[in-house]
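Asks: Here is what each chain is made of, one letter per residue.
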Amino acid sequence: MNITKIWYDELRTVFHDVGIILFVIILPLAYPLLYAYVYTPEVQRDTPVVVVDDSKSTLSREFIRKVDATPDVKIVGNCLNMNEAYAMIEQQKAYAVIHIDRDFETALNKGRQTVVGLYCNMMSMVYYKCAASACSNVSIAMNRRIKVNNYMRPKTDREAEIMATPIDYQHTPLYNTQSGYAAFMIPPILMMIFQQSLFLGIGMSMGRSREQNGGFVIPLNRYYRNSVEIVLGKMLFYLMLYIIHGLYAFVVVTKLFDLPQLGHYWDFILFFIPYITACCFLGMVLSYMIFRREDCMLIFVFMSLPLYFMCGLSWPGSAIPEGIKYFSYLFPSTFGLNAYMRISGMGASISDVSFEMKGIAIQTAVYFLIACLIYTKKLRKALHRQT
Amino acid sequence: MREVIARIFRIGLREIGIFSHRPMYLFVILIAPLLCLIYFTQIMRSGTPDKMPCGVVDEDNTSTTRSIVRILGSMQNTDIKAHYGSFSEARKAMQRGEIYAFFYIPRNTTDKALASRRPQISFYTADTWYAAGSLLMKDLQMTSELAGLAVTRATLSAKGVPTSLMMGILQPISIETHPIANPGLNYSVYLNNIVVPGLFFLIIMLFTAYTIGYEWKMGTQKELFEMAGESSTIALAGKLWPQTLLYCVLMTLIDVYFYKYQGFPLNVSLIRILCAGWLCIFASQALAVFFFGIFLTLRMGMSACSLFGVLQISVCGFTFPLTAMKPVFQYLAWISPLRHYYMLYVNQALNGFKLVYAWPSIVALLLICLLPLTMLFRIAHAFKYVEYKP
Numbered sequence: 001m002n003i004t005k006i007w008y009d010e011l012r013t014v015f016h017d018v019g020i021i022l023f024v025i026i027l028p029l030a031y032p033l034l035y036a037y038v039y040t041p042e043v044q045r046d047t048p049v050v051v052v053d054d055s056k057s058t059l060s061r062e063f064i065r066k067v068d069a070t071p072d073v074k075i076v077g078n079c080l081n082m083n084e085a086y087a088m089i090e091q092q093k094a095y096a097v098i099h100i101d102r103d104f105e106t107a108l109n110k111g112r113q114t115v116v117g118l119y120c121n122m123m124s125m126v127y128y129k130c131a132a133s134a135c136s137n138v139s140i141a142m143n144r145r146i147k148v149n150n151y152m153r154p155k156t157d158r159e160a161e162i163m164a165t166p167i168d169y170q171h172t173p174l175y176n177t178q179s180g181y182a183a184f185m186i187p188p189i190l191m192m193i194f195q196q197s198l199f200l201g202i203g204m205s206m207g208r209s210r211e212q213n214g215g216f217v218i219p220l221n222r223y224y225r226n227s228v229e230i231v232l233g234k235m236l237f238y239l240m241l242y243i244i245h246g247l248y249a250f251v252v253v254t255k256l257f258d259l260p261q262l263g264h265y266w267d268f269i270l271f272f273i274p275y276i277t278a279c280c281f282l283g284m285v286l287s288y289m290i291f292r293r294e295d296c297m298l299i300f301v302f303m304s305l306p307l308y309f310m311c312g313l314s315w316p317g318s319a320i321p322e323g324i325k326y327f328s329y330l331f332p333s334t335f336g337l338n339a340y341m342r343i344s345g346m347g348a349s350i351s352d353v354s355f356e357m358k359g360i361a362i363q364t365a366v367y368f369l370i371a372c373l374i375y376t377k378k379l380r381k382a383l384h385r386q387t
Numbered sequence: 388m389r390e391v392i393a394r395i396f397r398i399g400l401r402e403i404g405i406f407s408h409r410p411m412y413l414f415v416i417l418i419a420p421l422l423c424l425i426y427f428t429q430i431m432r433s434g435t436p437d438k439m440p441c442g443v444v445d446e447d448n449t450s451t452t453r454s455i456v457r458i459l460g461s462m463q464n465t466d467i468k469a470h471y472g473s474f475s476e477a478r479k480a481m482q483r484g485e486i487y488a489f490f491y492i493p494r495n496t497t498d499k500a501l502a503s504r505r506p507q508i509s510f511y512t513a514d515t516w517y518a519a520g521s522l523l524m525k526d527l528q529m530t531s532e533l534a535g536l537a538v539t540r541a542t543l544s545a546k547g548v549p550t551s552l553m554m555g556i557l558q559p560i561s562i563e564t565h566p567i568a569n570p571g572l573n574y575s576v577y578l579n580n581i582v583v584p585g586l587f588f589l590i591i592m593l594f595t596a597y598t599i600g601y602e603w604k605m606g607t608q609k610e611l612f613e614m615a616g617e618s619s620t621i622a623l624a625g626k627l628w629p630q631t632l633l634y635c636v637l638m639t640l641i642d643v644y645f646y647k648y649q650g651f652p653l654n655v656s657l658i659r660i661l662c663a664g665w666l667c668i669f670a671s672q673a674l675a676v677f678f679f680g681i682f683l684t685l686r687m688g689m690s691a692c693s694l695f696g697v698l699q700i701s702v703c704g705f706t707f708p709l710t711a712m713k714p715v716f717q718y719l720a721w722i723s724p725l726r727h728y729y730m731l732y733v734n735q736a737l738n739g740f741k742l743v744y745a746w747p748s749i750v751a752l753l754l755i756c757l758l759p760l761t762m763l764f765r766i767a768h769a770f771k772y773v774e775y776k777p
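These protein sequence lines map, in sequence, to chains F and B. For the first sequence, the working numbering begins at 1 and goes up steadily by one. For the second sequence, the working numbering begins at 388 and goes up steadily by one.
Next comes chain F alone, as it looks inside the complex (with noise of 0.2 angstroms):
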């Protein structure tokens, strides 16, 4: 029953010391709550637009009016010409311009196609497309009801109605319905909290026993005889934390902040223990490198980023390019970012992941050798040492 005297062991540890509680208890249960608060507002409203009218005229203002009216957009001011509006856009007071033809009215009733100019601030996509869709909506709108009125002559509003749009359309963005960021954001950053608080929480601890254990990794005594043991041990203390955490980002982060919820709690634990235990192998392959404690943070901390893009969810995964594509594969975060945002936001069963959990098996197998592979060379070494 080693086991779980390492297990008791490494519990101990992480409980009488604050800067790897800090890590596996603290961090994953405030950073989510951060990260949702940061992203909460989900939509931006109201980008400030300016316009430049030279065309002045009853449609013109028509065209102005509606897309004022659109959520995305408030139109801010009216300018003279387009060196003012200008200035406008380098004092940043507004991120686009709207530049109507002089000849815009006459060209509609003449049965000429006009043009409207959108010049657009591109310091943040998120602006352009604010712009970019609320005029072309408008646009359409437009079209649709200048080409019946002066060109189609319906009889009846039904009619009017058909012509306008003969075939009619509609888009429904499913299981983000609001497009919003926080829903896009959220349920993967939750996962790689998970996978990174393991990494440096494993990683401090590890380097924490080299501090106090004269280079070793492991503490003299004996129970530490055997890898699998110590592996499935410490591997054990921090799979029973990290379902506390996953529970509480599953129900209670989700529910606080209203993100979409479609999983079933047994799709979930069944995703999420093969996970973290990935993650936990993985974290004490990689914590091999940790010689001092803070060293962890070094090392880790900036790694997200990079981890968090290769997961093909922010940046398209078919725009990723092969290498790199093989290369994320080696991470448990890549897997479990794709599995999670599907089985919570979602509805995915597990048999529709099956291609992520094929990945975090073989990963979790693969780490788990190379683990005790490290622990057995250490306590060769370390038995060679002691006597």
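Just so you know, these hints were derived from the structure itself, not from any lab. A few of these clues could be false.
What follows is a set of in silico ranges between Cβ atoms, one per label pair, in the way DEER data are often shown [claimed, not checked]:
id : chain 1 : residue 1 : chain 2 : residue 2 : range
1  : B       : I418      : F       : R45       : 38 to 44 angstroms
2  : F       : M240      : B       : M411      : 30 to 36 angstroms
3  : F       : K358      : B       : H768      : 53 to 59 angstroms
4  : B       : L763      : F       : I26       : 28 to 34 angstroms
5  : B       : A502      : F       : L34       : 56 to 62 angstroms
6  : B       : K438      : F       : H264      : 30 to 36 angstroms
7  : F       : Q261      : B       : L657      : 48 to 54 angstroms
8  : F       : L34       : B       : I418      : 27 to 33 angstroms
9  : F       : P71       : B       : V643      : 40 to 46 angstroms
10 : F       : H264      : B       : V715      : 34 to 40 angstroms
11 : B       : K647      : F       : K358      : 40 to 46 angstroms
12 : B       : F682      : F       : I244      : 24 to 30 angstroms
13 : B       : R432      : F       : K358      : 24 to 30 angstroms
Result set (DSS-like, lysine-lysine): computed pairs, CA atoms no more than 25 angstroms apart in a straight line [claimed, not checked]:
id : chain 1 : residue 1 : chain 2 : residue 2
14 : F       : K110      : B       : K771
15 : B       : K525      : F       : K74
16 : F       : K325      : B       : K468
17 : F       : K155      : B       : K546
18 : B       : K479      : F       : K358
19 : B       : K771      : F       : K74
20 : B       : K479      : F       : K147
21 : F       : K325      : B       : K479
22 : B       : K468      : F       : K358
23 : B       : K713      : F       : K129
24 : F       : K66       : B       : K468
25 : F       : K93       : B       : K713
26 : B       : K525      : F       : K147
27 : B       : K546      : F       : K147
28 : F       : K66       : F       : K147
29 : F       : K129      : F       : K93
30 : F       : K255      : B       : K713
31 : B       : K499      : F       : K325
32 : F       : K381      : F       : K5
33 : B       : K438      : F       : K129
34 : B       : K604      : B       : K771
35 : B       : K741      : F       : K93
36 : F       : K129      : F       : K74
37 : B       : K525      : F       : K129
38 : B       : K499      : F       : K155
Ideal Cβ placement from N, Cα and C applies to all residues, glycine included.
On the provided structure of chain F, position chain B as indicated by the hints.
Replies: Leaving out everything else, chain B in the frame of chain F:
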């Protein structure tokens, strides 16, 4: 004065000596930022993600609907990956992560369109993949709009309207978008200009706090304080100058790589954006000293730096706008070097605006650089009396 410089120099040499014993240092401050630089520019080398997997459910399956699907397939961002027999099959494929969106054409669409009974087609995007969802949405909306316009076009030509007048009727108002300075909507330009410096500043903050706290950990803080002639300013200046030089060289490398090699838009001279980068390096170091001064322990100093350094990548507002965040983050952003770097980059490199409009950021950065002054006394006290606590 000469003696002060000699002391700073000597402490710097001692620091380089410490560096040479720890290969990990080299990895963290030299290799890691360069790896990140290459990694991020490689992952986004296509600029804009195009040809993203999309599904089609064509229950009608007539020549008309097939031509609609062909139009969709020819769009830049869309790659029609699969045809599904029913809505739920397509939804399941979405849950498996095979497609980001799908187009749904119900039975009798062609019939209804020909009989003027206004059929409805629909498209579904999984906005859990935000960028993929919104890029595909644009294509799908365009295709749907074109499907309707094709019917109108047929009606009009049956009524004898000549082709030359057609565009003025079908699309009287057309929007011409001019994304200033990034006309190709290149995501690599948009993201990497901030992500890479953001990670670099994070590493700088962590490493600065680490090297300072390391003296306490090794129990050599008193020795250092003596070398500095009992002045915390000299001790810190001596400790930090070798790193600062290295950071400045690295920042130069990053900028040269971005603007000369990758061809990212640069509308001012390189030296201006370099100055902004260097100023932000100093501010990051200053902030790290400030955090260390507050806690006076290695662990807490580094924790504060990592918390702030990671958070500022979100809070600087280059993906989700700062103006839409809660007010508390808008205040926090004032002490974020990355936020000011972002403002300076947008003002200078991206757009080449007048520098005068960026003065709040420059002043804020200079003020951040002065923050450690408030902590010098505390750190001097710590040199004498505080011992390392794990």
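Asks: For a quick check of understanding: which of the numbered hints are violated here, in increasing order?
Replies: Per hint list: 14, 19, 20, 24 and 31 violated.
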